[in-house]
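Asks: One letter stands for each residue in the lines below.
Protein chains: 4
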Amino acid sequence: MIRVGIVGATGYAGAELVRIIAGHPNVRLTALTSRQYAGEPFEKIYPAMKNLIGVSCESFDTDRICDEADVIFLALPHKLPMDIVPDLLKNSKKVIDLSADFRFSDPAKYEAAYQSHSSKDLLSKSVYGLSEVFTDQIKNADLVGNPGCYPTSVILPLYPLLKSDLIDVTTIIADSKSGASGAGRSLSLTTHICEITESFKAYKITGHRHKPEMDEVLTAAAGKPVDITFIPHLLPMSRGMESTIYASLKKRVTAEEIHNCLADFYSDCPFIRIYDYGIATDTANVRGTNFCDIGFVLERDKNRIIIMSVIDNLVKGASGQAVQNMNIMLGMDETVGLNAIPYPI
Amino acid sequence: MIRVGIVGATGYAGAELVRIIAGHPNVRLTALTSRQYAGEPFEKIYPAMKNLIGVSCESFDTDRICDEADVIFLALPHKLPMDIVPDLLKNSKKVIDLSADFRFSDPAKYEAAYQSHSSKDLLSKSVYGLSEVFTDQIKNADLVGNPGCYPTSVILPLYPLLKSDLIDVTTIIADSKSGASGAGRSLSLTTHICEITESFKAYKITGHRHKPEMDEVLTAAAGKPVDITFIPHLLPMSRGMESTIYASLKKRVTAEEIHNCLADFYSDCPFIRIYDYGIATDTANVRGTNFCDIGFVLERDKNRIIIMSVIDNLVKGASGQAVQNMNIMLGMDETVGLNAIPYPI
Amino acid sequence: MIRVGIVGATGYAGAELVRIIAGHPNVRLTALTSRQYAGEPFEKIYPAMKNLIGVSCESFDTDRICDEADVIFLALPHKLPMDIVPDLLKNSKKVIDLSADFRFSDPAKYEAAYQSHSSKDLLSKSVYGLSEVFTDQIKNADLVGNPGCYPTSVILPLYPLLKSDLIDVTTIIADSKSGASGAGRSLSLTTHICEITESFKAYKITGHRHKPEMDEVLTAAAGKPVDITFIPHLLPMSRGMESTIYASLKKRVTAEEIHNCLADFYSDCPFIRIYDYGIATDTANVRGTNFCDIGFVLERDKNRIIIMSVIDNLVKGASGQAVQNMNIMLGMDETVGLNAIPYPI
Amino acid sequence: MIRVGIVGATGYAGAELVRIIAGHPNVRLTALTSRQYAGEPFEKIYPAMKNLIGVSCESFDTDRICDEADVIFLALPHKLPMDIVPDLLKNSKKVIDLSADFRFSDPAKYEAAYQSHSSKDLLSKSVYGLSEVFTDQIKNADLVGNPGCYPTSVILPLYPLLKSDLIDVTTIIADSKSGASGAGRSLSLTTHICEITESFKAYKITGHRHKPEMDEVLTAAAGKPVDITFIPHLLPMSRGMESTIYASLKKRVTAEEIHNCLADFYSDCPFIRIYDYGIATDTANVRGTNFCDIGFVLERDKNRIIIMSVIDNLVKGASGQAVQNMNIMLGMDETVGLNAIPYPI
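One line per chain: the protein sequences are A, B, C and D, in this order.
Take the first sequence: its position 68, counting from 1, is numbered 68 in my numbering, and each next residue is one higher.
Take the second sequence: its position 248, counting from 1, is numbered 248 in my numbering, and each next residue is one higher.
Take the third sequence: its position 233, counting from 1, is numbered 233 in my numbering, and each next residue is one higher.
Take the fourth sequence: its position 336, counting from 1, is numbered 336 in my numbering, and each next residue is one higher.
Isolated chain A, as found in the complex (with noise of 0.2 angstroms):
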């Protein structure tokens, strides 16, 4: 059975992972690492896991985590998995990199988001990992790049809209809002209960790191730049996040084809659900779960679309995905180990 470790196990991100991979019937949860928790069991940092684990953290070791995984996911900050990477691609290892590393194809837009790359030939090889949009290159990938939270909501609508050149690019406007584990384990008075609770607020506001990452996508989408307004904003709860988008469309279009647009691009995706025109989508109804909900209107007068996109940050923003594109990546059904039916409430 193939072996998969986590590097960074012990962040929510990480945690995520042990808890989708511990749950998988394909695989086999080998290796943890935590710089933090190194010698503990994983089940004593989340005790809701007590019995279940059996795996205790170690520190990272590139010889013992290639002895010890086939597959490995990266749950670490930027900067740290682009040292880590190329040794675990040597040791011909499937590599799925949750930080911002490998997401960029153009090394300099890296660079001016975040801080200068030391694998910047490996960028050409990644594969950027948002899984129905660039499944067939998931495929045959080593190393996946997978995607950020907010990129997710915002792309995964837009992508075939552009694709079919009906959105004026020059319009595009995403109100984000995301829930606190976004913003990891550790620890900050943004989210302490005592300062969030009964609290929302933008931030953030003069430039997020996701934007360019989005960006970059988009533009690849549309063939011509692409450069959208984007506002994020932090809910008082724990997990999910909710994107509404605004833009001019090209054409008057109607309702229908706006929705065949999207279900036709996502007609073999089990994880987009496309709703009828005019219902709003709810965090609450993917919490948990990997599903990207998708709702829209029209106003006709004004020939502008809102879109609404709700997944939970946590798992088809993060984890869930990482996980689909490792089955993609071993050529199995992108659904397994994902498809528990959601909590009702």
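Hint data in this document are derived by calculation from the structure and do not stem from the laboratory.
One or more hints might be untrue.
Each pair may be met inside one copy or between any two copies, as identical chains are not told apart.
Claimed, not checked - In silico DSS-like cross-links for lysine-lysine, where the CA-CA straight-line distance does not exceed 30 angstroms: (1) Lys204 x Lys90; (2) Lys79 x Lys125; (3) Lys163 x Lys50; (4) Lys79 x Lys120; (5) Lys109 x Lys302; (6) Lys224 x Lys302; (7) Lys139 x Lys204; (8) Lys204 x Lys251; (9) Lys109 x Lys125; (10) Lys302 x Lys90; (11) Lys302 x Lys163; (12) Lys251 x Lys224; (13) Lys125 x Lys93; (14) Lys139 x Lys50; (15) Lys44 x Lys204; (16) Lys224 x Lys163.
Fit chains B, C and D to the supplied structure of chain A, relying on the hints for placement.
Replies: Below, chains B, C and D without anything else, positioned relative to chain A:
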């Protein structure tokens, strides 16, 4: 001492009026009406106020309330006030209506959004109670149509910019988010804790009645027809409203010019707080208060402005502004009864 | 494949049954009834499950459901099942009733707490579905009275201690706290987010119907009358139940003896997790799962034990335990369909 | 006007003091100290108070604060105040310490629970600031040890019953629950929204430092040693504390006798509200207020009383009671600055 009556005192806006009026040093709470709770002490319905109010609810009766009160607040669903207000005015009462019934100047716009209006003639006499904008008219008004919560949060930041002709009115988009108290105290699955916890969603995406209200006032400000795009969303919390507003600027302006435009317009307005450029607002900063906090950023390459505006939907968005209007109508300092220091958390 | 029907499928316990049964590998969901939503696809009522259930709600009809299902769960308010169950049993169905109607052995106790019972004779045939305690009887049962949520959380830790005669039964106090989903989906001010946010309170302090249920089972365990003190409280959250139980020990025992008493009794019970001495339980550790986690401390000077017990009130406290009972009745491994890895947060 | 200084102004208790003192009509806020934020305007740290405070934080200096203030509140972690207070008293300041340093009469009890005490001699001069119980002593005190939040909620209802010798002191059990603001503003996983949402748990179950504080005061009330059982729990919310207290009565008493015992003892105490028999208290009813609401039921067959007591842990449980004590020390009405009408929701 001026006597105050509240009609519809047991809904959330009514109860918030009770709170503010009971703590107001210059007026006295003398009458509360409630269809559902007639005969019961108000404190029994809101036990937080045990020992502090001492007024029981009665059923509504025009003669009785005119005997008991000089100023009358109506916190009723729309359609009811239009039939009650004429008699109150005949009795020389000052009336502040929190419903939509007296917010519109143009009866046709009201009737398109709500239903036929039985007191159309009063629309020309009623003043739109956006306190900072229509202060002079409110001073002399006998009847104030208190603004909706969404309109308050959207119009306050836009009004000065439109007056100064800085904004391309065809590009205005307001993405608004409200706490659940805006939906009132009546029961609905929407506000059931199990359905709203960890939920975020847009609603009424094919049309919300607050939009024509905004358009009418913004049109007057701009001197030309304004037809904004407006999408409301529901937050998993009780109090608080945020509007993120996107628009194209008509010409190149600096952040300083924008800041001055807002700060000058509201220079004598203690409840409007303009944030420094690039600082995001937070509903937690205005919770329980009558403040409207406004922040903004510019996207210089796209010449687009993004404005954030936050209020407490029950205070500045309803009952607080209503009391502010009463203060203005009675020639008192507008802040009396509304100037408690906010809670730090 | 065994066919399963759920009567009352659209309340929270019913919907949770739908979730578990739809994901159960060994049975098939074939019938759902709902008075309120007859004729509607289940997925329309719980859109989280869009595309995943494919069964519509129908009104309840004995003949039809007996045609459609082999095992029938009843997730109805008490009083309704007592009239339905006899016909289902005559049709040789396996029945698991989640109401209180078939939990009591003594009809007088049921009638004192609820109302007159129309199927008293069945009480001697029905088995109390506390899965780990009455496993053998459940194996051979046709009718299971599925325990209440509070009784599950209180009885599971006390049963072994009473069986071992370690506790002074006159001193048992259970201070229990429940998430709001225990109050069900029907509308009430109690579960309105604006009333429950930042609220914690005891309720039904002069008597809760789950107390006689606990007393009957604990009395059987102790071999002498047990009449506990029980105060339920409402938590400002959706899922989760904690009971902190206080009792005097009959003799000096060590922490190790208590731990062994519990661990031995539940040694073959994968859903019971006994914590090390002094480690507190947390409802978050069992959320969405069928686990009951148990912890304890001793006050040696006072020879008092304090036990903490946590469950998810909708899973181990209702629908999960119901499915566990079905598994036992059908001779399957009791964990089938209930062994998903828990979410880390 | 009396000048007030707050040492440790930027923690939650400190900031709550700032709120109350800034709104107090009879005193003036003149000095704020903060180690972390020295030099910064207080309003920058708590932007809710933007434009309203006008005092900047400074580092602590005995001479300076003695120059600037007549009354000094210390909102510091324990161990720090014991070294600061002697100098403040030498400068004839009135001092109210919110830490545990001056709560105990018996230095040995303090040292057993905390650490060695450098100002033991002052313990005999300091008064325990449970305002309603020790009013006369507080009137003449120069140094008040402000009670802990749990002790306030537990002692207030028990004190009159112990004084009247109604309770078997060997049977007292307090099951208490606190909002997360009690843990303060310092960062911890415990108060991370993703860890506390949908979580309820006991903590410090092998011993909490507030227990010896309660025992000392209750022992004095009872005139015999009291050693209660106390288990604190953490609520998934910000403000609010509930204690459910169980005890055996020494003799048969009626509900009326209990009610009278409490109501008589607190007859001149506007912040204590005794509920009618059988009515449960709710933390939401006291949120943001200085009230302690008390309710109870009797189990006549077991001759047991169950008492519920609720406070806002930051107000009556900390800063509100501290200001109440200041009012008493300064000979003012105890409610000044604390009598805002509570929010309905």
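Asks: For which of the previously enumerated hints does the structure constitute a violation, in increasing order of number?
Replies: Of the numbered hints given earlier, those the structure breaks are 1, 7 and 10, listed in rising order.
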